[in-house]
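Novice: Residue numbers for the sequence shown, in the working numbering: 77 to 399.
I should point out that these hints are in silico values taken from the structure, not numbers from a laboratory.
Just to be clear, a hint being listed does not mean it is correct.
[As the list claims (entries may be wrong)] Quick list of in silico lysine to aspartate or glutamate cross-link-like pairs, EDC-like style, CA-CA up to 20 Å:
1. K261 - E157
2. K388 - E157
3. K280 - E157
4. K193 - E259
5. K227 - D198
6. K282 - D198
7. K280 - D198
8. K193 - E157
9. K189 - E157
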Amino acid sequence: MNIRLASKMTPLHKKILSVAILLILVALAIYYLKNNISDFNQLAIVSPWLIILLVILFLITYVAISSINLYLLKPLGVNLEVKESFMLSVMTGFYNLITPFRGGMAARAVYLKKKYKFPYTDFLATLAASYVLIFLVAGIVGLFSVYYIYKITAQLSLIILGVFLVSTLSMLFIIIFSPRIPETKYPWLNRFIRVINGWHLIRKNKKVVLATLFFSFLQLLIGSTMLYLQFRVFGIQIPFTSTLFITALNSIGILLAITPAGLGITEAITVFSASTLGILPAQSLSAALLGRAISLIVLFILGPIFSYILLKKKPSDIIRRRK
Numbered sequence: 077m078n079i080r081l082a083s084k085m086t087p088l089h090k091k092i093l094s095v096a097i098l099l100i101l102v103a104l105a106i107y108y109l110k111n112n113i114s115d116f117n118q119l120a121i122v123s124p125w126l127i128i129l130l131v132i133l134f135l136i137t138y139v140a141i142s143s144i145n146l147y148l149l150k151p152l153g154v155n156l157e158v159k160e161s162f163m164l165s166v167m168t169g170f171y172n173l174i175t176p177f178r179g180g181m182a183a184r185a186v187y188l189k190k191k192y193k194f195p196y197t198d199f200l201a202t203l204a205a206s207y208v209l210i211f212l213v214a215g216i217v218g219l220f221s222v223y224y225i226y227k228i229t230a231q232l233s234l235i236i237l238g239v240f241l242v243s244t245l246s247m248l249f250i251i252i253f254s255p256r257i258p259e260t261k262y263p264w265l266n267r268f269i270r271v272i273n274g275w276h277l278i279r280k281n282k283k284v285v286l287a288t289l290f291f292s293f294l295q296l297l298i299g300s301t302m303l304y305l306q307f308r309v310f311g312i313q314i315p316f317t318s319t320l321f322i323t324a325l326n327s328i329g330i331l332l333a334i335t336p337a338g339l340g341i342t343e344a345i346t347v348f349s350a351s352t353l354g355i356l357p358a359q360s361l362s363a364a365l366l367g368r369a370i371s372l373i374v375l376f377i378l379g380p381i382f383s384y385i386l387l388k389k390k391p392s393d394i395i396r397r398r399k
């Protein structure tokens with residue numbers, strides 16, 4: 077699909093495209109499972125107790141995400157409570173699951189607009205600004221993992237190395253030169269432009285920048301630890317640097333999340349990146365699906381509950397609290 081075609085897509089077309097891609101990925105996964113069932117039969121859950129630890133780590137991930145939101149929004153006059161920010165982050169994750177194109181972000185924007193009178197444009201710009209630092213962290217961590225893996229195993233994927241290099245260098249360019257680029261009539265291209273322009277909102281606030289860098293790095297470490305444990309559940313031991321490598325690439329893959337919560341996209345990136353390290357697709361897919369199952373269960377339990385709690389609050393109650 078070219079940029080001109082993308083610019084003419086209506087919300088219905090985007091939804092159809094998202095569902096179509098998801099169905100194709102699911103069909104490919106089923107086809108692979110059917111033709112490689114013997115590989116999966118060799119796998120068994122050998123450490124079920126680790127699943128409890130994975131659930132805890134998954135919730136801690138949302139603590140890190142909510143902390144980023146707190147630091148980003150406070151300078152702009154939105155003083156979220158710690159509990160409120162956590163629930164809002166979980167609600168966002170839940171709506172990402174049930175809507176395409178990361179619809180949870182739209183739900184969060186609507187909440188902030190109704191409860192705090194926070195403009196949609198400011199929300200989108202703030203979100204884009206955070207991505208500059210998130211992609212920078214992912215790129216640097218990815219380059220570190222590539223170097224370490226190559227040093228130990230002499231394995232190197234030039235494609236993934238290129239992705240990490242482009243991510244790191246382009247984000248450094250934005251941070252150093254802070255260019256302003258006018259938006260175009262092409263929505264897909266504008267997604268990248270908003271990331272570049274959004275940086276201006278936070279670049280002079282060192283506290284916000286440092287906090288976002290720290291919690292982005294923490295989120296990446298937790299994600300890597302989770303993936304490491306997801307392999308361990310099946311008795312598969314891989315180096316932690318390998319899970320750093322895979323998780324960093326998945327972080328950059330946020331821009332490709334056109335299916336609900338990146339369903340299929342994240343798993344495909346995991347299998348592809350793991351295969352460059354010599355990890356069997358059956359092993360990496362099983363680990364990825366375990367992580368997906370945990371996220372689905374937790375978000376489908378907590379998401380509706382937190383949504384109800386947040387949405388029943390009246391704007392007047394929040395205004396009085398802020399005073």
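Novice: State for each hint whether it applies.
Specialist: Okay, the hints, checked on the actual structure:
1. K261 - E157: The hint is violated at about 38 Å.
2. K388 - E157: holds (16 Å)
3. K280 - E157: Violated - the C-alpha atoms of E157 and K280 are around 24 Å apart, more than 20 Å.
4. K193 - E259: Distance of about 25 Å is beyond 20 Å: violated.
5. K227 - D198: violated (44 Å)
6. K282 - D198: holds (19 Å)
7. K280 - D198: At roughly 16 Å apart (the allowed maximum being 20 Å), D198 and K280 satisfy the hint.
8. K193 - E157: Answer holds: K193 to E157 is near 16 Å, not above 20 Å.
9. K189 - E157: The hint holds at about 16 Å.
Of the numbered hints listed earlier, those contradicted by the structure are 1, 3, 4 and 5.
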